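Residue numbers (this note's numbering), protein chains in the order written: chain Z, 1 to 404; chain Y, 1 to 332.
Be careful, since some hints might not be right.
[Stated by the list, open to error] No more than 25 Å apart at the CA atoms, straight line, and that leaves these computed lysine-lysine pairs for DSS-like: (1) 311/Z with 21/Z; (2) 184/Y with 311/Y; (3) 329/Y with 161/Z; (4) 255/Y with 21/Z; (5) 198/Y with 255/Y; (6) 256/Y with 25/Z; (7) 104/Y with 184/Y; (8) 182/Y with 311/Y; (9) 256/Y with 9/Z; (10) 132/Z with 329/Y; (11) 25/Z with 204/Y; (12) 255/Y with 132/Z; (13) 248/Z with 301/Z; (14) 256/Y with 132/Z; (15) 255/Y with 25/Z.
To be clear, the hints were calculated from the coordinates, so they are not data collected in a lab. Please read all numbers here as calculations on a predicted model, not as lab measurements.
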Amino acid sequence: MPIEVILPKVDMDMATGKIAKWHVKEGDAVKKGGLLFEIETDKAAMEIDAPSDGIIRNITAFEGAIVPVGQAVALIYQDGESASAPVAAQPLPPVKPITPAPRPDAEQPAVLPAAAASGRFPATPLARRLAKQAGITLENIAGSGPRGRIAAIDVQGALAKPAAPQRVEPGSFEVIPLDGMRRTIAQRLTLSKQTVPHFYLTVNCDLTRLSEIREILNAQAPRDAQKLPVWKLSINDFIIKAMASALKQVPDANVTWADEGIHRHHSCDVGVAVAVEGGLFTPVVRAAETKSLSQVSKEMKDLATRARARKLLPAEYQGGTTTISNLGMYGIEQFTAIINPPHATILAVGAAMERFVPVNGLPVLRTQMTCTLSCDHRAVDGALGAQLLAAFRTFIEEPALMLA
Amino acid sequence: MNAPIRELTYAQAIQEALATAMEADERVFLMGEDIGVYGGAFQVTGDLVHRFGEDRVMDTPISELGAAGIAVGAALAGSRPILEFQFSDFAALAMEQIVNQAAKMRFMLGGKVSVPLVMRLPSGSGTGAAAQHSQSLEAWLAHVPGLKVVQPSTPHDAKGLLLAAIDDPDPVMVFEHKLLYKMKGEVPEEAYRIPIGKAVVRRKGRHVTIVATSIMVHRALEAAEVLAGEGIEAEVIDLRTLRPLDTATIIESVKKTTRLACVYEGVKTLGIGAEISALIAESEAFDYLDAPILRLGGVDSPIPYNPTLEKAAVPQTSGIIEQVRNLVKGRI
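This is chain Z alone, in the form it adopts within the complex:
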């Protein structure tokens, strides 16, 4: 019996996966453990290896296809099997030749004018399903079947062809198919904004002390074998550590809402939003209150790198009670963020900016950063959120307190 290659379940709540890329083709010899294809799930990209040695055949899911978990996408034939398969030696070319034009004696024109005029296109159920999955319309696909019927092979042909340059009409648009990540973002954030009662608290944090300490720490960083500093702390590393320290100081805010009751967490796990191509991830720095700044920094660098490569494990972006979303690098002065369920809070961090502030009645130039905390009012009331944010500001303005 040939061995089935199935679409595996690589994420907890995964129902389908999209075949992102095949690394082998029909008839290729594959080795157990060798890379077969990549899938894209709601959250991540995964590489799927061959379950055994043999010849790969019967690839049924083409690139871009969305396949239910557990479905066979190809078969691997063992040595003896490929030999006994009747036409194994000859991989099948597309079984349906594209007929250029109907023969003069054909009863019907290739495309019924009535069908074209009415906007209805004869197509097989499979062709319709493939077109829908790929997010293309049947309109511009030439059907090769009788009466211009569009079959699966026609859709696959249309997908393989580079799109013809199109004249841009005013008001025209293109449809970008929704991938798993986009759907997940849409679903979770809609749920959050519609069902979680948000309120917002804003403070300005003075960065004078933080900047001084950061400069000293970075200047004093030990060097590794290549004479490179072993750490380079960012403001964001301080923010993560400060948020964790604030949660430790205000444990009632280190919570998540659940129907059975509020979960008060024992460890201060801080999610950090990382923008990636086509979406974002929020990897979680665990127990950040117990870690040194350099540890937090190193861990965050690794998580961010792997998030951009979509190589995070599901466990690395699940859990936590809060999120840091920092848009300071884009010069954003202030914004409000949507809570990432089941978190109770999210901190929207603006850019470090020089502002004149009154000191003893005189304007003094200070570097400030505006932070807005969104709170889930079900779990965190106004005063509690204010305590958390005040504690955060204290740690940012006097980072030495994080050493205590």
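Using the hints, position chain Y against chain Z.
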């Protein structure tokens, strides 16, 4: 050391199943026209009358309705009758007992009784026996809840399905094919059973599913062999049981191959192919279809006596090859 493969004809395999059942269970007995000293219209019962005596291999008068009524009564009384019709066409004469009695008793008496009878029905065309002796009426009986209907296509299945039918507590109609009686094939000596309600994939393929019954399984397999030489890999499913229908096997296959052809000898219109086509159209396999469903069945005509026309009236291998090729190549 491997034992040599033991081959029997389809008729011998049936006779072996009958003898096995009669030896194992004295409630089992045979009835039918000329099944005793004559050995049966197609020599299936052969010399069983000499082995088991006239009490257990009973010749009946030429009254199918009467014999069927006796069989139903005997089954209700605790026996295990096996009634042979000379031709399945004559089941028409016994419809009252089959449809209104045998099929209904268990249900109308609240499950307090069952009717464990078997009817053997030689069917199909190709013997030059003309319109009244050549029909394939299995879809008629498969339409009746309370009956089970099987159609063995090989000597192996003929024995295994018949033994399963004899064991079964409900009336089972076994449609044998007259042209298959002389077919030889491997038949193990032991008393094995082929489960009723399970189809079998006779050949694996990925471009088209051919669901066939009885002798059409062999024609479909011949066609698949020829088509394989052209790069078309047909999957051939032998239905084996019409009621209850093994829907899962058909649906799974069509989801894989995206195309369906049904090949059967009964009249195409309102036949078993219509049921399978509708099953697929109603099922999850619908979204996997990449071509119209093809039905190849008997023409809408009584089976002609003229041998050329008789052949033309039911699917033949060459026609299956041509039509399935057209289906896969997107020409229909």
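Now for the hints, and whether the structure bears them out:
1. This hinted pair checks out: residue 311/Z and residue 21/Z have alpha carbons roughly 16 Å apart, not beyond 25 Å.
2. With a C-alpha separation of about 22 Å, the suggested pair residue 184/Y and residue 311/Y falls inside the 25 Å cut-off, and the hint holds.
3. Simply put, residue 329/Y and residue 161/Z have alpha-carbon atoms about 22 Å apart, close enough for the 25 Å limit, and the pair holds.
4. Our distance criterion of 25 Å between C-alpha atoms is met by residue 255/Y and residue 21/Z, whose separation comes to about 23 Å.
5. For a cut-off of 25 Å, the pair hint linking residue 198/Y to residue 255/Y stands: about 18 Å separates their Cα positions.
6. As the CA atoms of residue 256/Y and residue 25/Z are separated by approximately 18 Å, the hinted pair is consistent with the 25 Å bound.
7. Only pairs whose Cα atoms come within 25 Å are accepted, and residue 104/Y paired with residue 184/Y is rejected, the gap being roughly 37 Å.
8. For the hint linking residue 182/Y to residue 311/Y, the alpha-carbon distance of about 19 Å falls within 25 Å, and the restraint holds.
9. Restraint check: the Cα-Cα separation between residue 256/Y and residue 9/Z comes to about 21 Å, which is no more than 25 Å; the hinted pair holds.
10. At roughly 23 Å between alpha-carbon atoms, residue 132/Z and residue 329/Y fall within 25 Å of each other, so this suggested pair holds.
11. Taken as a hint, the residue 25/Z and residue 204/Y pair is honoured in the structure, with Cα atoms around 21 Å apart against an allowance of 25 Å.
12. Between residue 255/Y and residue 132/Z, the direct Cα distance comes to roughly 18 Å. Compliance with the 25 Å bound is thereby established for this hinted pair.
13. For the hint pairing residue 248/Z with residue 301/Z, the CA-to-CA distance comes to about 23 Å; that is within 25 Å, so the pair holds.
14. The hinted pair formed by residue 256/Y and residue 132/Z meets the criterion: a straight-line CA distance of about 19 Å does not exceed 25 Å.
15. In summary, the hint linking residue 255/Y to residue 25/Z is supported, as the alpha carbons are separated by about 21 Å, within the 25 Å threshold.
The structure is inconsistent with hint 7 alone, although it conforms to all the rest.
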